[in-house]
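Undergrad: Sequence:
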Amino acid sequence: MKLQTLLAVASAIVSFSSCQKNADDPKPINNGTAKVNFIFKFDSTQVRLNAIGQPAPMPSGNAGQSPALTV
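Per our numbering, the very first residue in the sequence shown carries number 1; after that it's consecutive.
Simulated from the structure, these hints should not be mistaken for laboratory data.
Each residue gets a CB set at the ideal place from its N, CA and C atoms; glycine is no exception.
Using C-beta positions, here's what the derived DEER-type ranges look like:
1) Ala-12 <-> Thr-33: 40 to 50 Å
2) Phe-38 <-> Asn-62: 26 to 36 Å
3) Ala-10 <-> Lys-41: 56 to 66 Å
4) Phe-38 <-> Ala-63: 23 to 33 Å
5) Ser-60 <-> Phe-40: 26 to 36 Å
6) Asn-37 <-> Ala-63: 26 to 36 Å
7) Ala-56 <-> Ile-13: 49 to 59 Å
Using the sequences and the accompanying hints, generate a full structural model.
TA: Quick look at the structure:
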């Protein structure tokens, strides 16, 4: 029992002592704001897929929708 306690305390000391931040770490470079460009291309004739990527038939009486994004 004492051996387990000793090993637990030793591993805790090693774990907590290894989490020290160095004082000479370089500061991150900030070159302004981030620039992200999202491009969406929709195909109205594409086959509709289910949750696992298999073609899903459209039930009779239901209609599918195609997204129309305006920017």
